[in-house]
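With chain Y fixed as given, assemble chain E onto it according to the hints.
2 protein chains.
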Amino acid sequence: MELKRTRNGIIPTIRTASFLVVVFFTFTIISVINAVTVNPLPKPREIKWGEKGPINFPLDIQVTSSQSSDIVKFGWERTLKLIKQDKWVVQALEAEPPAYDPFPPQIQTPGGKRSYTFLYTRTENSTTNTTASTKSNLSLKSVKVDVTNLNAELQHGVDESYTLEVKEDGLIITSPTVWGALHAFNTLTQIVISDEKGGLIIESTVSIKDSPLYPHRGLLLDTGRNFYPVKDILRTIEALAWSKLNVLHWHIVDSHSWPFEVKAYPSMTKDAYSKREIYTPKDVQLVIKFAHKRGVRVIPEFDMPGHARAGYLQIDPSIVSCANSWWSNDDWPHHSAVEPPPGQLDIINPKTYEVIKNLFAEISAAFPEKIYHAGFDELQRYCYAYSNLTVNWFKENPSNTYNDLAQYFLDRAYPIFTNENYGGKRVMMWEDVYLSEDFAAKKVPKEVILQTWNNGVNNTKKLTSNGYDVVVTSADWFYLDCGNGGWVGNDNRYDQNIDNGKITFNFAGGNSGSWCNGYKTWQRIYDYDIDFKLTADEKKHVLGGEVALWSEQSDPTVLDPKVWPRAAALAELLWSGNKNEKGEKRYREMQQRINDYRERLVSRGVGAAPLQPKFCYKNPHACDLNLNKVVPGYD
Amino acid sequence: MELKRTRNGIIPTIRTASFLVVVFFTFTIISVINAVTVNPLPKPREIKWGEKGPINFPLDIQVTSSQSSDIVKFGWERTLKLIKQDKWVVQALEAEPPAYDPFPPQIQTPGGKRSYTFLYTRTENSTTNTTASTKSNLSLKSVKVDVTNLNAELQHGVDESYTLEVKEDGLIITSPTVWGALHAFNTLTQIVISDEKGGLIIESTVSIKDSPLYPHRGLLLDTGRNFYPVKDILRTIEALAWSKLNVLHWHIVDSHSWPFEVKAYPSMTKDAYSKREIYTPKDVQLVIKFAHKRGVRVIPEFDMPGHARAGYLQIDPSIVSCANSWWSNDDWPHHSAVEPPPGQLDIINPKTYEVIKNLFAEISAAFPEKIYHAGFDELQRYCYAYSNLTVNWFKENPSNTYNDLAQYFLDRAYPIFTNENYGGKRVMMWEDVYLSEDFAAKKVPKEVILQTWNNGVNNTKKLTSNGYDVVVTSADWFYLDCGNGGWVGNDNRYDQNIDNGKITFNFAGGNSGSWCNGYKTWQRIYDYDIDFKLTADEKKHVLGGEVALWSEQSDPTVLDPKVWPRAAALAELLWSGNKNEKGEKRYREMQQRINDYRERLVSRGVGAAPLQPKFCYKNPHACDLNLNKVVPGYD
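Chains as they are written, first to last, in full-length UniProt numbering: chain Y, 1 to 635; chain E, 1 to 635.
Extracted from the complex, chain Y is given alone in its bound form (with noise of 0.2 angstroms):
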């Protein structure tokens, strides 16, 4: 998927080895005025403002187009009717606080014993920039759009980068493929702003040179524990393109519920949650190709062998062991599952493999991505207990072990996945079927990419220093289901009236029921360094990452507020990091670009979550935690 990229210079030249989008506008002549350098989200790679101020961007704007990719037309017109649906007002640019009073001295009473050093005053000078309100004397003339390879297919590792260039000449956006484009696209979307008197403007000189650090950049979201309808993923869908967030790793069905409508086992959708709470064939290819058309790729997650119940039951229940164990989380040596309800797919039982081989032809011929998630996460050893088979597979092979039991599954399975005459995936799986202490196979194929969930840093060192490809999706930094405390029933931990001063599961350092408390925020995403102390070598093998919202307590009635605006966060941090030039974590200056994002978000129709009172959005600095401009972390 190597592809040449091209730039044009300023003015236009008709390329025979690329082809040339020319998009002109009408045009009027006003006046120039001061520079309005806003703030887009991902930050750009490079990114520079000239000083002359602002130009029109006209409203009534006639377009002229040579072009024949459908990719880079529909993305031209969801881009102009997005700028002139936001015309953004910024309520406040990216600014120094105005100095605060210095600190007078303590007051002493009779009861006031403390009495403290200044530790600073602070009386530095800074201003708060406002937007531009007048009115420019001059427009932008044209827009061209140079795509080199219109053909590059949306895969792993297309070249995304483009360039974006504002001159006298009008602008310019260059691209070795559509998908760069589309990122020009909704970068341009961010920096044409309101001039407050009813028409657009956009800084008269801009130039943009822009790619992401990570190839794989991504957004979990489970639909088989809540059912999220097609409207609600569309929404979605957008809003990553949006961040340039490029994967939907669509976590499709769970122990809890299957709504994937399957044509080979049409009866397992009896497990869906109603007939309305099912994905059918139609459904599935509108996701895949709205996705398509905004640079979003779909990914799917069957899970096997574990969370896997519902479907399967109505296929042939002996395919499934432990689904009518008690779940016994409330007596852990007899736990078959670690959250209801149980069920795994009985690895010895032959006909198995059969519902795997139709499942996945069916599967891999709809989904057009190259890369197939085959699950293999949490698989509980107990589970296995309430299989005949199993049982007699151990007994008649007393020096097998759990771990033998995984490699016989990934025997059988994973040749179905790569098999050409089923599509031939590239397989992705969670960690655990190489990690996980008691249910690891011993030979898991070096071409399978491992999501890591685990034990942050130290498990990312362990698969990438194997020779693994990763996508970091560590629970304690990109879970956004965390924090909500427990959702399991009957749960006496939580009847307790006071704080007796123990660690107990409501206090002093309790969890809350969250077994991945506290919950992520937008900062604490922001920050992760998903390569800290990996080689050279090590960091190549980093695809990604992805934030995962799981749905035990998660449905479309907080799905917006809970994936946005922190997966924009991730976005920022996969696209162009979380350090300035300086290697400094830039998490201080990110608020404002953040807030900013999480109002224009709202504006367009998604329900982000606010990070913070109004007034800090308005007073940019005035709600930080440390006044000094640079503080070290922790690590």
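The set of hints was computed from the structure by calculation and includes no laboratory data.
Take these hints with a grain of salt, some might be off.
[Claimed, not checked] Derived coverage of chain E by chain Y (criterion: at least 3 residues anywhere in the stretch with Cβ under 8 angstroms from a Cβ of chain Y; other residues may be distant):
| hint | segment |
| --- | --- |
| 1 | 186 to 199 |
| 2 | 330 to 336 |
| 3 | 373 to 387 |
| 4 | 554 to 568 |
| 5 | 580 to 591 |
All C-beta atoms, glycine included, are put in the ideal place defined by N, C-alpha and C.
Chain E only, in chain Y's frame:
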């Protein structure tokens, strides 16, 4: 506000001392089937179901009525509309889970050293009820509503009891006040369900006697940190009424913004976030009247002398201390506020009381509610080091303490709030005025209602044992905004790439940046005994409680899922308690009830958060932690 409670017999009789509302239905007769016992929330104090099976609740209702109460009339209109709109299909009624397979022996493997004794096996038989789906041949004939005192004012302590009887003769509701009748209506909307064939049914014999345990049952909504449009407030009030909560504690302004339009000081709303983010007098009356019709009281809070900055600065900067200080949480000895932005009314400046007087006169006239919340929480000593008047006052009175300063304020402000010339309200304040470490007034009038938020039951005990009426809003149990991490910017503590095993901000018992971590689950709210370890006398001082949505990280995008269905857990706690007849906590049975109520809220347009995967709602108790029915809690 003592009202005589009446009860009608089966055969309605016209009473001289009471008012009789009679509503007739047209009816048709079909056929009787099995009993349908649904699960209203809050659970009524007494509910008896017959066993004759359901009768039809006619859809083509002709209402004939001789009532002269608009409250009852509009209440009944809303009720019928809701019932018809809901056409409620219960996914599963509260029932024992089906029997599980017994625990098989552990499989022995070479690596598997773990061998456990069975703790218990379980073979008990149980059944899951499903909703009636056959049409009855009988229909409800009439609805009669008998209210004793149509004119009882909606104020603290008004009698909210009611009875609801369905018998062969029809449905009879009795109540001492219209407010009780409204509660009966809301119960009714939950016990009429769909026959799943387009019609509605109700059990043919139901007898409910109901009344609240506590008169004050509320939600605090903070519209000062972030703004909520009127429509969001109205939707919230509607859902409060459905849940039998009767107080909206409107924390209307804060140091961040002043959205409340004041005729005496029109400049104050310059500190609203925008011209659109203002509550006009018309808006305020709309909210109050909307709430009144639904039996919800609106208690305004204008917090002072702390949390005061926005608005006041527009009147006269000299009445606000430390408004231009760095809030300085990164330099604790110099902190002037617990959160940005800082500001406290200057207690020594006489102009402060002139402003309070004019402001209060207007507020008092706007709110018919007889309780006024005057704030008084979280005063910071160092803020007053920025006030020359206060510095001098301490110099001139060297024996004075901050407690004296608090008393100084109380002595001047309290008489304004209770002055009959300005409406003469009963004052409610945060407990800080009496209990704070260094800002408690020495003489707090016993008539003040103290709202407790710290130290759980210990503070409730302290306050009630000293003779104060108390409203419980313990942060550890009832704060709906907790558990979302921190919101201040430039927080280097999130910059941490590894869990080093020590207690740090993010890991190993750190609070993740949320001072009141963790998230308060519905179980935690529901299980809290607000009169724990109180004497009989002390218990009389507990007026009730409130859940609180502070808005640092909240605004309309998260309003519904942060409030609902958790506020409904408080609703039942304060209405009929959290224990069954045997005195056992009933959170086990509440799970299905609150799951069902959550679904109902969503279907009524309130985006209540999901508590579990829908699988759990469809399979009662399959997602419990403890299979045992009764498990002791921690206290």
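message: To test your reading of the hints: which numbers does this structure violate?
response: 1
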